[in-house]
Structure formats: C-alpha cells, structure tokens
Amino acid sequence: MLQIRNLTKIYDGGVKALDNVSFDVPDGQFLAVIGLSGSGKSTLLRCINRLIEPTDGQILWNGEDITKATPEEMRRIRRKIGMVFQHFNLVHRSKVITNVLAGRLGYTNPAWGLVNRFPKSDIEKAIKQLERVGIADKAQHRADELSGGQQQRVGIARALMQDPEMILADEPVASLDPVLAHSIMKHLEDINDSDGVTVLCSLHFLDLVHRYADRVVALNQGQLVFEGLPKEIDDKKFKDIYGRDAERVG
Amino acid sequence: MNNQKASPWKSIKLGLSVLFGLIVFAYGFQITKVNLEELRSETRQESLVRVTRALAKPDLFEYDQEEAVINQPFYTPCTANATTPSPDESGAYIVVTPACANPGETVTVEGFNFAPHSIGPVRFVPGSDPANIVTLGRENAETDGNGHFVLEMEIPDRPSDDVQYIRATIRTNVGSPHLTKTAYDTWEKIVETVFLALLATVFGTLFAVPLSFIAARNLMKPVRSPLTSLSFSLLGWPIGMAVGIFIVRLVSQFIAPFTSNLLVNILLVLVLPALLSVLIRWALPEEDTTIPTPGLRATRFIVLVIATLIGFVWMYQFSALLMNSGNLIAPKLGAFTFLGYFLVQIGDIFQVSIPVVGALAAGSVAGNFFGKLGQNISEKLNSGTVKIINIISSATAGATVFGLIGWLVEWLYQLGRPEYTQTGPIVTGALLGLLLAFTTKPKDTLPTGLVIYYITRTILNTLRSVEALVMAIVFVIAVGIGPFAGVMALGLHTIVSLAKLYSEQVESIQAGPLEAITATGANRLQTIIYAVVPQIVPPYISYTMYRWDINVRMSTIIGFVGGGGIGFLLQQNINLLNYRAASAQMIAIAVVVSLMDYISSVMREKVV
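Line by line, the protein sequences are chains X and H.
If you read the first sequence in this note's numbering, its first letter stands for residue 2, the second for the next number, and so on.
If you read the second sequence in this note's numbering, its first letter stands for residue 71, the second for the next number, and so on.
One chain only, chain X, in its complex shape (with noise of 0.2 Å):
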C-alpha cells in the first residue's frame, strides 16, 4: 500500500509544483497519472522514490515514511522500486546487458563496481529479463543501437532486474509510435498482472489510460483534481483536468 499524504513540493525559483495531493495506491493496482505538460506527474513519481525531495508531506509505503528515510533505507527503498522513463535512459554506449544489470546496483556491493563485476546469477537473470521483452539477441550490443521501442524495453529490463514491488513509468510511450506504445503498455499491464507489482504510470492519451488503467488521478497546476476509474472521465470531468479550451482526441 502506497500513501501519499499531503505532499507538496515548491521548486528552488518558488514554482509549486505539487500542491497538497493525497491519494492511496493499494499493492498491485495500474494507477494511471494523467495531466498537462507541467502539471506535477514527473515530479509527483520522482518525489515517490526521491529522485526529487518533497518540500512537505509523507509518502508512506508499507507503513515506511520515504521522506524520512536515511540514505543507507533508502537504498533499499529505491531498489524495490522500479523506474521507467520516457526517453528511456540509457547508458548510451554501454552494452544492453550491462544496462539490464545496472537494475541490480541496489544490491550488489559497491567495492565490485570497481571492477564492474557482477554475480553469475545477476548476468542469468538479466538474460532472462531480455528473453522476456523478447529482445535477447540485442544483449551484446551497444544500447544506441537500438531502435526506440527496443530501447524502453531495455528499459523495462532494467526495471523488472531489481524485483520490484512497485513500478514509476514516466510517460514510457510518449517518444513512441502508436503501436510500440500498446507493445510497451502490454508489458508493463503483463507484470503488473503476473508478477503482482504495482504500476504507477504517467500517461497522455486517454485510450491507454481506458485500456490498461485500474483507476485514474488526474492533476492540473500541482493539484489533484480527479481520482476514479477511467470511465469515469466525462466531457465535464475532461475539462476539469486539461482546461476549458481542451477537445477530444483519439
């Protein structure tokens, strides 16, 4: 279960870009974020796993409060949380395995980075994940050469490597061509059906968030302005959350 009480955050120049949102988020939902450029999704899923500190607030997961956990807890935070990106990235010029085995940072001893070393386990593993998203026979190549949607399941590799209970996928299809985008989505729909992990996912088209969401919170200018499921979402509740000029597409 992933609370999220009161959070706030203002930026160093005095933007709010979150502005006391609340709402829970019970173990193995598919929560869709949905909002404007610059409504507070991004900021909202890195204050989860504290990529971005919240100014104010308390996101309790588990019980355990993120916001106040010291460095070593949050190591082991952070590594039960997955992360997936829009524009996916990636160490460009490392191979895609070392990219999907970078997912296992969060456990292994930081001295055998030095000789960037890894388990056997790990590198099996990682191969797993790769055969998973189906692109195993690129694991040798170097990431940039990847297409784009081979690229965020890379991506997806990554994430899944760390055995998470949760995943933050940030607008993960928005650089992506329609149908790479129900590919990308069907991955992430598929762990969050099989492995039971939760997914949190930021998204723009409202047809995603129809097909593959559980429920729905929507925010605009930092503020949470809608929270139920997708069929929910009317022409009224529509302008409440992308303004009154906004028409519908797709």
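Treat the hints as calculated values from the structure; they're not laboratory data.
Beta carbons: idealized from backbone N, C-alpha and C, even for Gly.
Mixed in with the good hints, there may be bad ones.
Looking from chain X toward chain H, a few residues come up when the C-beta cut is under 8 Å (computed) [what the hints assert, rightly or not]:
#1 Asn50
#2 Gly104
#3 Leu106
#4 Pro111
#5 Leu115
#6 Gly244
#7 Ala247
Simulated pairs of lysine-lysine, DSS-like, Cα-Cα distance not exceeding 30 Å [claimed, not checked]:
#8 X:Lys187 x X:Lys81
#9 X:Lys69 x H:Lys442
#10 H:Lys511 x X:Lys69
#11 X:Lys17 x X:Lys81
#12 H:Lys103 x H:Lys291
#13 X:Lys96 x X:Lys121
#14 H:Lys450 x H:Lys513
#15 X:Lys96 x H:Lys513
#16 X:Lys81 x H:Lys676
#17 X:Lys96 x X:Lys240
#18 X:Lys96 x H:Lys457
#19 H:Lys103 x X:Lys69
#20 H:Lys511 x X:Lys96
#21 X:Lys237 x X:Lys17
#22 H:Lys291 x H:Lys442
#23 X:Lys139 x H:Lys676
#24 X:Lys126 x X:Lys139
#25 H:Lys291 x X:Lys17
#26 H:Lys450 x X:Lys81
#27 X:Lys69 x H:Lys457
#28 H:Lys570 x X:Lys81
#29 X:Lys240 x X:Lys187
#30 X:Lys81 x X:Lys139
#31 X:Lys69 x H:Lys676
#32 X:Lys69 x H:Lys450
#33 X:Lys69 x X:Lys81
#34 X:Lys238 x X:Lys17
#35 H:Lys513 x H:Lys442
#36 H:Lys291 x H:Lys570
#37 H:Lys513 x X:Lys17
#38 X:Lys81 x X:Lys121
#39 X:Lys17 x H:Lys511
#40 H:Lys291 x X:Lys81
Please arrange chain H on chain X, whose structure you already have, making use of the hints.
Quick look at chain H alone, frame taken from chain X:
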C-alpha cells in the same frame, strides 16, 4: 528577424566603435614596437639570409671525404736561389704564376688533375715545414668537370729566405651520404622528448581522472552532510592517516628481513593474492539481499583489516621482487639493460608510494567511518543532544584542521612563532567551528560537496596558471637537471589542466542515465561508474590525446630550463649560432609533432 531601419545614431555608434578599434590597434603597434625599418636595414637582411640559408640546410647528412693535399714550394720575396722544381704532372698538381712574388703581390694559382666538381681551400703555408697546420689566406677553389681550377691569391706579409709553400686541399665526397653526429644526437634527444611527454601524460591522466570527479559541479552539488557527520569525518581523516602511516611502518619493519630473498619474494607474491581473494570474497559479498547483523558486519570489518595488512605485506614483497629481480637480470641483458633498470625503478616508486597509499586508504576509511557515525548520531538522537555533540565535534574539527594548516605554514616558512602557527590557528579554528555549530540547525545538511568543489577548483586554477616551464625550474632545483624534472613539471601541469577539462566533460553529461542509475538504488560510487564513466570515455580519450600532443610540444622547450628533451640541444645550438644543427632539431620537432597529430587523430577515430 530584425528588420529595423538604419538610423543615423546606429551609424554613428558603428563608426565610433571602428574608430575605437583602430586606436586600440595603433596603441598595440607602439607597445609591440612594430617597425619595418629594422627589417630593411642591410646588416639585418644579411644575417637573415645567412640564418635562413643555414636553416634550409639542416645538418643531417654528410659524405665521407677524400682529401688531395698538394704543397707547391714557393718563395717570397723572390731571391737568387729561388728555383722551384716543376711539379709532378702524373697526379694532381698546382702551378703558381709567377713562381715567386713579393709579399702583397697577387699570384695566379692553377690546379690540374684534381677530382672534378670538388671544393677546398687554397692557402699560403708559412715556415719551411710542408706539414705545418697553420695556413694563411681565405681563397676557396672549386674544380670544373676536368678537375681544373684557377684563382688569384694575395701573398701575405711573411718574407723568408727559405722555401715556403702554397697548399691546395681539395676534398671530394666519396660513397653514399650518411647521418651526421648532429642527426644521431637529435634522434637520441627526440626519443627522450617523446618519452618525457608520454610519461608526463600517463602520470597526469592517472591523477586527473579521480580529481575531475570532485571538480565537477553536477556530481558534487548533491553531496550534503549534516554538521555532525562532516566534523566527525574531518577528525577521522588525520587520525586515520596517522594510523595508516604507523601501520605501514610496522608492516615494513616486520617484513624487512624477508624481502632480500628472491625466492621468498616470488613465493609470497604468488601465494598472498590467493589468500587475499578468499578473504575479500568472504568479507565483501557480491550481493546482500538481507541486512547483515552488527556482529557479521564487525567480523567482516576485522577480516578486511587483516586483508589490508596482508595487502601491504604483498605490496612490500612485490616491490622487493621487482627490485631484486631487476638488479639480478640487469647485468645479463646486454642492450636491454634498461628493462632491468625499469624494474628496479618501478619497484622503488612502488615502495615509496606504499606509505602514501596506506595513509590515504586508512584516512578515507576512518573519515568515512567517522562520517557515518556522525550521520547516525544526527539521525537517531534528539536535536538537543545533537547540538551539544555538534558544538564539541565542530570546534575540535576546526581546531584540528587549522592546527594542521598552521603546522604546514610553520614547516614552510619556519616562522618559529607559535602564536601564529599553533595557538593562533587552533583557537581561530575552534572559534569558527563553534560559530558554525551555533548558526546551523543541528540536523540541517551542509553543502559539503560544493565546498570541496570550490577548494579543488581554486587549487586547480592556481596551479594551472603557472606555466609548465616555470614549474620545470622548480623541479630542476628539486630533482636536478634532466628529463625527470621535465616529467614532473609536465606531469603536474597535465594533472591540473586535464582535471579541469575532464571535469567540464563530466558537467556536460546527459542527466537521464544518472537519474536512472540513482533510481535503482545505486550509491554514489556505483552511479559514477555505471552512469558517468561510460559517457565520458570518448572525450577523456580525445583530451588525453590532445594533451599528449601538447606535452610533446612543451617537452621540446622544457629543455630550455634544463628539463631534458630536445630543447636543451636546440637552445645550445642557437646560442652557439650553429643554425644548421638547430635546423635539424626543428625539423625533428616538426616531424614528431605532425606525426603525433596524425596518430592521435587516427586513434581518436578508432576509439570514439
């Protein structure tokens, strides 16, 4: 697009700025004494032509020469018994007309049967000894295709009743051209130059890489720690370093009796790593899925300490092995003696650096350990207690740091006034520590990273502004004239300039991968290794190449101040006005620099 109409005001502004530019330029002419009159002066042009011609004829190749020396008896002034035998016309001979002359008169000297197209001096030999090496005159003969020459020479004022001589020494090139001594010297020195640059670049790079990470703003900015942790860590470093040096000394004393035997060396160097690897593998498991108990942690720590001690023993044995084997094989290698010498020197460097490594290792371990302890204290205890601990530890840390700086100042300047170098700094440090502890909230974090960043940057910038040539002067004093001083100077300059260039590359990496790796739970070290390093490899390589290039060029002039390399020869030859030799050295520099450029561009293409 800017579609504004031209306004008179704009034109005036433009005109004024052009005028201003011209004035600046005119002043520059005066300051730099631009003067073409000098260039037109005849003596200057003559010297210029001479030097240019000498430069155009680098002293690289020469022929073996055969000399034909003919001494023709000659009387001056003409006396009664002045009869000269007619020359032997079977070989080369010279005919002087008239056969005798008074001092100051001009005679015609004609040569026959010499080697064709050869040159050589024709001189008056005073005294009656035909082998006399003292000659007078400055005529030079040049034979035609038939080995014949004609020239006129003035008879010097050396009257004598005895026979004297006119000597023609005609020299012919024989065989094929071969390299001159200058060419060999140049080759020897240019090799020295290239290796000087290579060593300086390698040493420089080794130190610059770690430095570049702490001089990178984006990596250092997130590093924040509470005051407790900071001051504990500051206390831990010197204590750890002192302990480290002490331990290394103990180890070296303990191991000293066992270092002289080569067999013991080999045995220990081979066996200890196996033992070490077992210990380290146990103490540093590759993965910890569960949190280790405090007891296990303590045991692991003790095992690691033992492993470190064994590591030092191994290092001493290894350096002894290098030196012993080097000394053993050096005399037997003949032309490759330098390999043995290399082993001895590397072993020596290794041995000298062990205490440094020990001090740094122990210092960082203690610093880290104390820092963590401080971190835990500030997290677990309540604000009031933390505040009290902060006040004590921060004052102690301030006093320690300033005390150490004071000690350094005393060592450098030998002031001999404890109020400036002991009590003064210690009290100031303690007061500053107190001030810091009172002004910060007990659990607030301080931007430790940024402070380190600024200190590093300041040191780098200061050292970088000192030219390598100036550093070379210092090192020449420290380690004596020779290439080693050059290596040190260039190496130091390489460290500081590369660290700056590298760190700017670190600052410009993509933030995405960094974020992604951090999100997996990786700690700082892992983030750097897996997200930063792969991104900076290509620019690091190309900067290193570029630096090597610079170092080759720098090492050509570092010899001007006694830093070894080809610069020494070049300067010497320029000072001796030996421009043909200097030209050979300049050509060597040009060839090496352009070759370097070519090689580095090829390598860059391959790697990047």
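**Request:** Verify the interface restraint on Leu115 of chain X: the C-beta must sit less than 8 Å from at least one C-beta of chain H.
**Result:** holds (7 Å)
**Message:** Would the hint linking Lys291 of chain H and Lys17 of chain X be met if the CA-CA limit is 30 Å?
**Reply:** holds (22 Å)
**Request:** Classify the hint on Pro111 of chain X as holds or violated, based on whether any CB of chain H lies nearer than 8 Å to its CB.
**Result:** For Pro111 of chain X, the interface hint holds, since the closest Cβ of chain H sits about 5 Å away, which is under 8 Å.
**Asked** Straight-line Cα separation of Lys96 of chain X and Lys457 of chain H no greater than 30 Å?
**Response** violated (49 Å)
**Message:** Check the hint pairing Lys513 of chain H with Lys17 of chain X against an upper bound of 30 Å on the C-alpha distance.
**Reply:** Holds. Lys513 of chain H to Lys17 of chain X sits at ~25 Å (cutoff 30 Å).
**Interface hint status, Ala247 of chain X versus chain H (Cβ within 8 Å)** = Result: violated, 29 Å to nearest chain H Cβ.
**Request:** Measure nothing beyond the straight line between the CA atoms of Lys103 of chain H and Lys69 of chain X; if it is 30 Å or shorter, mark the hint as holding.
**Result:** violated (70 Å)
**Message:** Checking one constraint from the list: CA of Lys69 of chain X to CA of Lys442 of chain H, max 30 Å. Satisfied?
**Reply:** With Cα atoms ~17 Å apart, Lys69 of chain X and Lys442 of chain H stay inside 30 Å; holds.
**Asked** Holds or violated: Lys17 of chain X with Lys511 of chain H, Cα cutoff 30 Å?
**Response** holds (25 Å)
**Prompt:** When you check the alpha-carbon spacing of Lys450 of chain H and Lys81 of chain X, does it fall within 30 Å?
**Reply:** holds (24 Å)
**Asked** Close enough to count: is the Cβ of Gly104 of chain X nearer than 8 Å to one in chain H?
**Response** holds (5 Å)
**Prompt:** Regarding the pair Lys96 of chain X and Lys240 of chain X, is the alpha-carbon distance no greater than 30 Å?
**Reply:** violated (45 Å)
Violated hints, listed in ascending order, are 6, 7, 12, 15, 16, 17, 18, 19, 20, 28 and 31; each of the other numbered hints is respected by the structure.
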